[in-house]
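Engineer: As you go down the protein sequences, you meet chains E and S in turn.
In terms of our numbering, the first sequence is residues 1 to 173.
In terms of our numbering, the second sequence is residues 1001 to 1180.
Among the clues, some could well be false.
[Claimed, not checked] Sample of chain E residues at the chain S side, in silico, Cβ under 8 Å:
(1) A54
(2) R72
(3) H96
(4) K98
(5) R117
(6) A136
[Said to hold, decoys possible] The calculated lysine-lysine pairs, modelled on DSS-like cross-linking and capped at a C-alpha distance of 25 Å, are:
(7) K1099(S) to K130(E)
(8) K1049(S) to K98(E)
(9) K1121(S) to K104(E)
(10) K1049(S) to K1099(S)
(11) K1060(S) to K104(E)
(12) K1083(S) to K104(E)
(13) K98(E) to K1108(S)
(14) K1060(S) to K98(E)
(15) K104(E) to K1099(S)
I should point out that these hints are in silico values taken from the structure, not numbers from a laboratory.
Quick caveat: nothing in here was measured; it's all calculated off a predicted structure.
Where is the CB? At the ideal position from N, CA and C, for every residue including glycine.
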Amino acid sequence: MYPAQIFFGLELFYQVLNFAMIVSSALMIWKGLMVVTGSESPIVVVLSGSMEPAFHRGDLLFLTNYDHEPIRAGEIVVFKVEGRDIPIVHRVMKVHEKEDGTVKFLTKGDNNNVDDRGLYANGQAWLNRKDVVGRARGYVPFIGIVTIIMNDYPKFKYAVLAGLGIFVLIHRE
Amino acid sequence: MHTFLSRVNAVSAFSLSTLAALTFLCFASTFFINYKAPVTITAANIVLKNVPEYAVSREKNDLGALRFDLSSDLTPLFNWNTKQLFLYLTAEYETPNNKINQVVLWDKIIKRGDASVINLKNQHLKYYFWDDGNGLLGHNNVSLTLSWNIIPIAGTLPTWSGTGSYKLAFPSEYTLGRSY
Chain E
1 MYPAQIFFGL
11 ELFYQVLNFA
21 MIVSSALMIW
31 KGLMVVTGSE
41 SPIVVVLSGS
51 MEPAFHRGDL
61 LFLTNYDHEP
71 IRAGEIVVFK
81 VEGRDIPIVH
91 RVMKVHEKED
101 GTVKFLTKGD
111 NNNVDDRGLY
121 ANGQAWLNRK
131 DVVGRARGYV
141 PFIGIVTIIM
151 NDYPKFKYAV
161 LAGLGIFVLI
171 HRE
Chain S
1001 MHTFLSRVNA
1011 VSAFSLSTLA
1021 ALTFLCFAST
1031 FFINYKAPVT
1041 ITAANIVLKN
1051 VPEYAVSREK
1061 NDLGALRFDL
1071 SSDLTPLFNW
1081 NTKQLFLYLT
1091 AEYETPNNKI
1101 NQVVLWDKII
1111 KRGDASVINL
1121 KNQHLKYYFW
1131 DDGNGLLGHN
1141 NVSLTLSWNI
1151 IPIAGTLPTW
1161 SGTGSYKLAF
1171 PSEYTLGRSY
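Produce the complete structure using the sequences and hints provided.
Structural biologist: Now the structure itself:
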């Protein structure tokens, strides 16, 4: 092989390695956040307007899910109804906790007129600890709007990915 | 800095980093603030019934009703990082059935710029005061507190309670009929 070809092969190898390093660092940070906060989804994007005017679509929330922190009225929790994938961000309005720690609670969105019993599973009147994805602890406005645009307009997502791919190819020359 | 694209790149990178730094400063500068304020709560017209709560089950649960007065000055809670206050009046009590019961009876949103002095008289409850069971009969240690959740422009979402709560006592007999 000519020296130029060997050199080319090495550069490609380093670029692939670089890319893999970036991807695995991002993954490590995400998984590390999951462990530190105890939540399966430490950062969520608000998807609906049911908590306006506090949170709007596209806002970012930072969650923690420590077992030793009890669920109390007035807290903002992110929960998933059993059998459904979509996380819902609402406020706790009733809590009944027994001596042994088992707790049942009711939630309601600030912008909704009625509580969430209509959103729970058929026949379910209360939420339990296991339905909670996390408690909202921090908030940054507007940043998550990118995720919502990507979800609502998948063509935009493909365009961004294609653009990134083209940029990587051009940059190498 | 010759092409249009490189200029756009530089300007947008700089403005994004400035915005990020400002957001962080917003969060850091208000992290340690104590959002305390005194509150005066009184209640009257206390009524207790025992009727089926159909939204939950066919069983009869205690249903309490009352009117309350509420006054507080919440102006010191608003700073450059407060977007809104979410106020909520909670009744907290212990029953043989449950060690901790918390029921939100009323809530209000005060946005930045709205009137921040509360002076309510003879206010109705906004939400039904259902107990999980029959634990309110003759209960003389239900405490009413006003708490608030601060929603910042960016940062943490702390919850604070007002100093000053009201001790509520329920009658030891149920009221029959449609009196409220």
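Engineer: Does each hint hold? Answer for all of them.
Structural biologist: Hints versus structure:
1. A54: A54(E) check passes; min Cβ-Cβ to chain S is 4 Å, inside 8 Å.
2. R72: holds, 6 Å
3. H96: holds, 4 Å
4. K98: holds, 5 Å
5. R117: Cβ of R117(E) sits 6 Å from chain S, so the hint holds.
6. A136: holds, 6 Å
7. K1099(S) to K130(E): Given that 25 Å is the threshold and the Cα spacing comes to 20 Å, the pair holds.
8. K1049(S) to K98(E): The given pair, whose Cα atoms are some 23 Å apart, holds under the 25 Å limit.
9. K1121(S) to K104(E): violated, 32 Å
10. K1049(S) to K1099(S): Within the cut-off at roughly 22 Å; holds.
11. K1060(S) to K104(E): It holds: about 18 Å lies between the C-alpha atoms, which stays within 25 Å.
12. K1083(S) to K104(E): violated, 30 Å
13. K98(E) to K1108(S): violated, 29 Å
14. K1060(S) to K98(E): Answer holds: K1060(S) to K98(E) is near 19 Å, not above 25 Å.
15. K104(E) to K1099(S): holds, 12 Å
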